[in-house]
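Visitor: Going down the list, the protein sequences come from chains X and H. When we follow numbering that gives the first Met the number 0, the leftmost residue of the first sequence carries the number 0, and every step to the right adds one. When we follow numbering that gives the first Met the number 0, the leftmost residue of the second sequence carries the number 0, and every step to the right adds one.
The hints are simulated quantities; they were obtained by calculation from the structure and are not laboratory data. Do not rely on the hints blindly, as some may be mistaken.
You can't tell identical chains apart in this list, so a pair holds if it fits in one copy or across any two.
Claimed, not checked - Below, computed lysine-lysine pairings styled on DSS-like, alpha-carbon distance capped at 30 Å:
(1) Lys13 x Lys77
(2) Lys202 x Lys228
(3) Lys168 x Lys13
(4) Lys97 x Lys181
(5) Lys142 x Lys13
(6) Lys77 x Lys238
(7) Lys185 x Lys211
(8) Lys202 x Lys181
(9) Lys168 x Lys181
(10) Lys118 x Lys32
(11) Lys211 x Lys181
(12) Lys32 x Lys202
(13) Lys271 x Lys181
(14) Lys185 x Lys36
(15) Lys97 x Lys142
Protein chains: 2
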Amino acid sequence: MQKKSIIQKNSALKSESPIGIFDSGIGGLTVFKALRKLMPQENMIYFGDTAHLPYGSKSRASIIQFSVEIARFLCQQKIKALVVACNTSSAVALSAIKKAVSVPVEGVIVPGAQTCVRKGFRRIGVIGTEGTVRSGAYAAEIKKFSPGARVFEVACPLFVPLVEEGWWKYGVTQEVARIYLKPLQKARVDSLVLGCTHYPVIKPVISRVMGKDVSLIDSGEQTAQEFEKTLESLNLLRKRTGRGWSRFYVSDDPERFLRLSRRFLGSSILVKRVIKKNFE
Amino acid sequence: MQKKSIIQKNSALKSESPIGIFDSGIGGLTVFKALRKLMPQENMIYFGDTAHLPYGSKSRASIIQFSVEIARFLCQQKIKALVVACNTSSAVALSAIKKAVSVPVEGVIVPGAQTCVRKGFRRIGVIGTEGTVRSGAYAAEIKKFSPGARVFEVACPLFVPLVEEGWWKYGVTQEVARIYLKPLQKARVDSLVLGCTHYPVIKPVISRVMGKDVSLIDSGEQTAQEFEKTLESLNLLRKRTGRGWSRFYVSDDPERFLRLSRRFLGSSILVKRVIKKNFE
Numbered sequence: 000m001q002k003k004s005i006i007q008k009n010s011a012l013k014s015e016s017p018i019g020i021f022d023s024g025i026g027g028l029t030v031f032k033a034l035r036k037l038m039p040q041e042n043m044i045y046f047g048d049t050a051h052l053p054y055g056s057k058s059r060a061s062i063i064q065f066s067v068e069i070a071r072f073l074c075q076q077k078i079k080a081l082v083v084a085c086n087t088s089s090a091v092a093l094s095a096i097k098k099a100v101s102v103p104v105e106g107v108i109v110p111g112a113q114t115c116v117r118k119g120f121r122r123i124g125v126i127g128t129e130g131t132v133r134s135g136a137y138a139a140e141i142k143k144f145s146p147g148a149r150v151f152e153v154a155c156p157l158f159v160p161l162v163e164e165g166w167w168k169y170g171v172t173q174e175v176a177r178i179y180l181k182p183l184q185k186a187r188v189d190s191l192v193l194g195c196t197h198y199p200v201i202k203p204v205i206s207r208v209m210g211k212d213v214s215l216i217d218s219g220e221q222t223a224q225e226f227e228k229t230l231e232s233l234n235l236l237r238k239r240t241g242r243g244w245s246r247f248y249v250s251d252d253p254e255r256f257l258r259l260s261r262r263f264l265g266s267s268i269l270v271k272r273v274i275k276k277n278f279e
Numbered sequence: 000m001q002k003k004s005i006i007q008k009n010s011a012l013k014s015e016s017p018i019g020i021f022d023s024g025i026g027g028l029t030v031f032k033a034l035r036k037l038m039p040q041e042n043m044i045y046f047g048d049t050a051h052l053p054y055g056s057k058s059r060a061s062i063i064q065f066s067v068e069i070a071r072f073l074c075q076q077k078i079k080a081l082v083v084a085c086n087t088s089s090a091v092a093l094s095a096i097k098k099a100v101s102v103p104v105e106g107v108i109v110p111g112a113q114t115c116v117r118k119g120f121r122r123i124g125v126i127g128t129e130g131t132v133r134s135g136a137y138a139a140e141i142k143k144f145s146p147g148a149r150v151f152e153v154a155c156p157l158f159v160p161l162v163e164e165g166w167w168k169y170g171v172t173q174e175v176a177r178i179y180l181k182p183l184q185k186a187r188v189d190s191l192v193l194g195c196t197h198y199p200v201i202k203p204v205i206s207r208v209m210g211k212d213v214s215l216i217d218s219g220e221q222t223a224q225e226f227e228k229t230l231e232s233l234n235l236l237r238k239r240t241g242r243g244w245s246r247f248y249v250s251d252d253p254e255r256f257l258r259l260s261r262r263f264l265g266s267s268i269l270v271k272r273v274i275k276k277n278f279e
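Assemble the whole structure, with the sequences as input and the hints as a guide.
Guide: As C-alpha cells, then:
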C-alpha cells in the first residue's frame, strides 16, 4: 500500500466513516469477525456477492469485473478503507481494485504470505480455491522475500460446500481433508496457509489431519492485524468508544446468507439485497 | 406444451434449424448426451451459464433473469426449439421462458414427474439442488396426476461439486450419498427421481446406497424422449441423415468447461465464451 500517496488522495476521508469489506459470499465473515474483535468501535459495511458465488471456479476476467463493481458500490457508501476478504479476488483483482477506487485497499494474500516469511517457514503449504491456486499469488508473494522457500499449493473445491452445509464435524469432512492434504503431508510442509476465508471454520479438522507440528496460518486474522496498523498510521481509526454498527449487503438471496451467517457469527444480523443494476 | 398455438406462432421454423439446450453449467451435458443418442441427425447449440453457476443456491428472481436472457440469446441463434436442461431453472423459470420466446420449450421436471405417474409409483423420492427442492415443483407435478402419491424431497448440494471434482468412484462420495439418502431409505420410497442433471454421473453410487428395489428415474433421459415426440408432432425433426453438428457456448471460463466436458462426454469439443453484455 502506497501510504503517502493515499493520504494525499484521501484527505477528505474521515475516521468516523465505515470500513468496507467484501467477499464472494459468506466466507469473508471470518475476516469480518476478526476485524470486529480487534476493532469493536469501527462501523462496518459487508458485501457478499452471492449472485456470483463461488468465485473460485470463475475466470480471471469475470472476477476482476465483479470485484471492481463491488468496490465502487462500497465507495458510494462513503467507506474510508476497503478489505478484500476473498482470497480469489485478492489473488487476481487487487491491482484493478486499487486503480478503480481512491481509498486504501487491503487484500488477504500479502498479510498471509508475509506471516510465513516473518516466521521463517521453509516448506509452506497453501490451500485455496481453484482460482487462487491457479494464480500462484501466495507463492509469488512468499518468494519475493524468501526466495529459497518451497511453496506447495493445492486446490480444495469441496471445502467450501462442506462448510456451507455445516458438516464441520462430520467424518466425511475429515475424509475429504485427508484426500486433499495427502500431497502436502508427503511434501513434509512445516506450515499451511488457509488461503480461503471459509477454511478457518474447519481449522480443527485440518489441524487433526496435518498434525501438531504443522503451523496453520489464518490469512484473515493476519489481514485484520495488518489493516488495523494501516488505519492507525493513516490516522483513520475511529476515536469514539462504544460498539460500531454493522451493515450487510448481498447481491442475491438474503435469507440464505442470513441462515448461514448464524453459523459463522453465532448471532443474528440484518441483510439487505442490492439488485445488480443498482450497484453498477 | 400448447402444440397448436406453437405451430401457428412458428410457421417459419425449419426442421433444418438447430435445437437449443441450456444449463447453469456442465450438468446439462447428460441431457445433451441423451438427446444426441436419440437424435444423432440434429444440429444442437448448448449454452452453459458458467458465470452464474451453480443456480441451486441462487434466488428465484435471479434464476428467472439468467434463464430468460439465455433463452433469448439462443433464439437469436435461430433455434427451432429449446430444452431447459437444468432442473432448478425448469422448476422456477419455465413459464417466464415460455412467455419470453416463441419456440417450443421443454423443461426436465414434467417428463421426470410424468414417468413416476405412468409407472404407478406411490412413495417417490426426489433429490436435487436447494432451489429445485425449495420450489416443490416435482411434488406439485406428480400430485396433479397422482394425488395419493407421497413425495419426499431432499436437497443434496454436495453432489454437484463431487461430480465436478471427478470423485465418482471415491468412498467419500458413497459416504455423502449415505448421509443425504438416509431419510429417503427411512421413508421406504419405491422410486427416486435424479432431479439434477449432474446426478446421472453418480447413478451407480446412488443405486448402491438405495438398493435394487428402488427404481431410479433419470429426468434428462425422459426429457429427451418426450422432446423427440414433440419435434415429431410439430414436423420439426431434421430430415437429412448423417450426424448433425454441435456448438457450445459458455458465459465464463471455456477452458474449465472443456476440461470437465471430457469427463461427461468422453470426447473433446470446441467451446466459445460469450461475454454477458453481448447476449443481453
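Visitor: Taking the hints in turn, state whether each one holds.
Guide: Going down the list of hints, with the structure as the test:
When the C-alpha separation of Lys13 and Lys77 is checked against a cutoff of 30 Å, the pair qualifies only within one copy, where the shortest distance is 9 Å, while the shortest distance between copies is 56 Å. Taking identical chains as interchangeable, the C-alpha atoms of Lys202 and Lys228 lie at most 30 Å apart only when both belong to the same chain, with a minimum of 26 Å there against 54 Å between chains. Taking the shortest Cα distances, Lys168 and Lys13 never come within 30 Å of each other, neither inside one copy (43 Å) nor across copies (57 Å). Proximity of Lys97 to Lys181 under the C-alpha cut-off of 30 Å is found in neither arrangement, the shortest distances being 37 Å within a copy and 49 Å between copies.
Taking the shortest alpha-carbon separations for Lys142 and Lys13, neither the intra-copy value of 36 Å nor the inter-copy value of 60 Å comes in at or below 30 Å. Taking identical chains as interchangeable, the C-alpha atoms of Lys77 and Lys238 lie at most 30 Å apart only when both belong to the same chain, with a minimum of 18 Å there against 63 Å between chains. With identical chains, the CA atoms of Lys185 and Lys211 are at most 30 Å apart within one copy only, with a shortest distance of 15 Å there and 41 Å across copies. For the homomeric pair Lys202 and Lys181, the shortest alpha-carbon distances inside one copy (16 Å) and between copies (28 Å) are both at most 30 Å.
Taking the shortest Cα distances, Lys168 and Lys181 sit within 30 Å of each other both inside one copy (20 Å) and across copies (18 Å). When the C-alpha separation of Lys118 and Lys32 is checked against a cutoff of 30 Å, the pair qualifies only within one copy, where the shortest distance is 24 Å, while the shortest distance between copies is 53 Å. For a Cα distance limit of 30 Å, the shortest separation of Lys211 from Lys181 inside one copy, 16 Å, qualifies, whereas the shortest one across copies, 35 Å, does not. In this assembly of identical chains, the alpha carbons of Lys32 and Lys202 lie at most 30 Å apart only when taken from the same copy (15 Å versus 41 Å across copies).
Proximity of Lys271 and Lys181 under a CA criterion of 30 Å is satisfied in neither setting, with 41 Å inside one chain copy and 36 Å between copies. With identical chains, the CA atoms of Lys185 and Lys36 are never at most 30 Å apart, being 36 Å at best within one copy and 44 Å at best between copies. In the homo-oligomer, the alpha carbons of Lys97 and Lys142 lie at most 30 Å apart inside one protomer (23 Å), although the nearest pairing across protomers, at 55 Å, exceeds that limit.
Checked against the numbered hints above, the structure breaks hints 3, 4, 5, 13, 14 and satisfies the rest.
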